[in-house]
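Build the full structure now, drawing on both the sequences and the hints.
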Amino acid sequence: MTMDANASTMAEPAPRRWQQPKLIEATWLRWAITVAVLLYLALALGSIDANWTRVIEGIGRAGQLFAGFLTPDFLSRWGDIQVGIIESLTMTVTSTVAGVLLSVPIGLGAARNIAPLWLYALCRAIIAISRTFQEVIIAIFFVAMFGFGPFAGFLTLSFATIGFLAKLLADEIEEIDPAQVEAVRATGAGFWQVIDYAVSTQVMPRLIGLTLYRVDINFRESAVIGIVGAGGIGATLNTALDRYEFDSAAAILMLIIVIVMSMEYMSSFFRKWIQ
Amino acid sequence: MPVITSENGSPKSWTVRTYGQRLLTWLGWLSLVALTVVCWRVMTEGTIWAFVYDAPRQAADIFGRMIPPRWAYADKLWLPLWDTINIATLGTALAIVMATPLAFLAARNTTPSPTFIRPIALLIIVSSRSINALIWGLLLVAVLGPGVLAGIIAIAFRSIGFIGKLLYEAIEEIDQRQVEAITATGASGPQVMAYGIVPQVLPAFATICVFRWDINIRESTVLGLVGAGGLGLALESSLNTLAWPQVTLILLMILVTVVISEWITARVRRAII
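Chain order of the listed sequences is A and B. Heads up: the first sequence begins at 0 in numbering that gives the first Met the number 0, then just goes up one per residue. Heads up: the second sequence begins at 0 in numbering that gives the first Met the number 0, then just goes up one per residue.
Just so you know, not all the hints are guaranteed correct.
[Claimed, not checked] Interface residues of chain A toward chain B, partial, derived using beta-carbon atoms under 8 Å:
1) I47
2) T93
3) I139
4) P149
5) I226
6) V227
7) Y243
[Stated by the list, open to error] Cβ-to-Cβ under 7 Å is the rule here; a few derived chain B residues that face chain A:
8) I47
9) A54
10) Q57
11) A141
12) G144
13) L254
[Said to hold, decoys possible] The calculated lysine to aspartate or glutamate pairs, modelled on DMTMM-like cross-linking and capped at a C-alpha distance of 25 Å, are:
14) B:K164 to A:D215
15) B:K75 to B:E235
16) A:K21 to B:E168
17) A:K21 to B:E171
18) A:K21 to B:D174
19) A:K271 to B:E171
20) A:K271 to A:D176
21) B:K75 to A:D72
22) A:K271 to B:E168
Bear in mind the hints are in silico, worked out from the structure with no lab data behind them. Everything numeric in this text was worked out from a predicted model, so none of it was measured. For glycine and all other residues, C-beta sits at the position ideal for the given N, C-alpha and C.
If you want it as structure tokens, here you go:
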């Protein structure tokens, strides 16, 4: 046996070098993808018609922006900044609460294991609409309907929260342990009692975690939708940049970063405390 | 936690929480409601309710103007669509190039200096993530002037934080024994990197990049609103001229693009996993 095996290895022409296995195994596919990528890059880079003189002028402005970050100006526009921040924060709180209140029933309806088919289809359709379009596009419509200001922003963020929270909640409910539901139902519990004792106890930690995460996202988005007139700090930032007041803009950006970071820190703290 | 409470000699009854826990939860909810009410009052101070009550009529009016879409306008949209796809793809590519070394600098097990370089890398990642692509767009349009280039860089700057964060978490979660095994063969630093670490994070890396590309397609459709090129630019000009039938067509185009990119993403992810 061993002699045979030795003989056969001896007979091989040359020892093969070991090669790392590739991410894409088929050689032709690897080459085809490489060629396609190169071709695309050539076409795409060729179609950027950047105005290079403008770009070079811009480098000086980038310096100003950077200098603005080193010497942020909180004071000269403090009134505007304060109004914007308060609008953003209040919008975040109210829209998250409203979003959660709407997401829970829709999420229950969109879970196939507890909802009938017609309700499932309806709730999934609502979620799909909310998820497809960016907050900004939804904000444009709400601003056109409800007028400028944080109320339109509140509606936008609430609507966007549904797409996020209801979908993840529904997915979570679909993955719960059916044995517990069965057990509670076997005691003669009604529909709402099953939801209360078997479903909610299993998904509650996740729901709270997702809500805290969404608070974070809603604040970030509230800084954006102001650009199209839906209130919040985004409007202040937009004005500052339109006036080329880079030091005020830098101050606003720093405030946004600080608030986002402290919110992220607080939500991770809360999530640890809950679990 | 399940406990048993007994009320003056009557049979014991089971409740989910103790009295103190219930009081605490109740107080928590009360303060949340109070906070919401206060925020609502502050937020709606400047709201003109006449506009709000008028909204259903406005909505009916807008949707009435939006249909039917102006199909002939599609001819003018192919170039913005191409720009949008380019912004997303080139932006993602640029972000990958910058985020990969950053992730290796930020991961606890590969960083050259945990006390000095790691905090800087983490700070870059956090700042990039805190600022939305549209705000990066605003900044870059102010700096570089309107156009596709500002859009690409805006997408790239936003994606650095996302790719960097997920990638450095993937690097920190690798199986350390494989790295040790490669080190034990006498491999040099770059060899350990190439044979011990990279193969372990490559699938995660590919998934992260494709995932971000999908998000970037969505974001690049609206970047034009601040002047950074693509379909958003057409949307902005149609909105400014109140050409609602064109708006419908653009939204339909965005919808189709997003669905296709989601389909591609799902295919690629299934191929990788």
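- Item | Supplied contact hint for L254 (chain B), tested at 7 Å Cβ to chain A | This hint holds: L254 (chain B) lies near chain A, its Cβ roughly 6 Å from the closest one there, short of 7 Å.
- Query: Given Q57 (chain B) as an interface hint, is the shortest Cβ-Cβ distance to chain A below 7 Å?
  - Reply: It holds, given that the least Cβ distance between Q57 (chain B) and chain A is near 5 Å, below 7 Å.
- Message: Would the hint linking K75 (chain B) and D72 (chain A) be met if the CA-CA limit is 25 Å?
- Response: 43 Å, violated
- Query: Close enough to count: is the Cβ of V227 (chain A) nearer than 8 Å to one in chain B?
  - Reply: V227 (chain A) check passes; min Cβ-Cβ to chain B is 7 Å, inside 8 Å.
- Compare the distance between the alpha carbons of K164 (chain B) and D215 (chain A) with 25 Å, and conclude whether the hinted pair is satisfied. 16 Å, holds
- Message: Min Cβ distance, I139 (chain A) to chain B: is it shorter than 8 Å?
- Response: 7 Å, holds
- Item | Satisfaction of the Y243 (chain A) interface hint, Cβ to chain B closer than 8 Å | 7 Å, holds
- Item | Satisfaction of hint between E235 (chain B) and K75 (chain B), Cα-Cα up to 25 Å | Roughly 14 Å between the alpha carbons, so the hint for K75 (chain B) and E235 (chain B) holds.
- Query: Quick one, is the A141 (chain B) hint okay against chain A at 7 Å, beta carbons?
  - Reply: Status holds, d = 5 Å.
- Message: Checking one constraint from the list: CA of K21 (chain A) to CA of E168 (chain B), max 25 Å. Satisfied?
- Response: Roughly 23 Å between the alpha carbons, so the hint for K21 (chain A) and E168 (chain B) holds.
- Message: The hint names I47 (chain A) as touching chain B; please verify it with the least Cβ-Cβ distance against 8 Å.
- Response: 5 Å, holds
- Measure nothing beyond the straight line between the CA atoms of K271 (chain A) and D176 (chain A); if it is 25 Å or shorter, mark the hint as holding. 23 Å, holds
Hint compliance for this structure: hint 21 is the single one not met.
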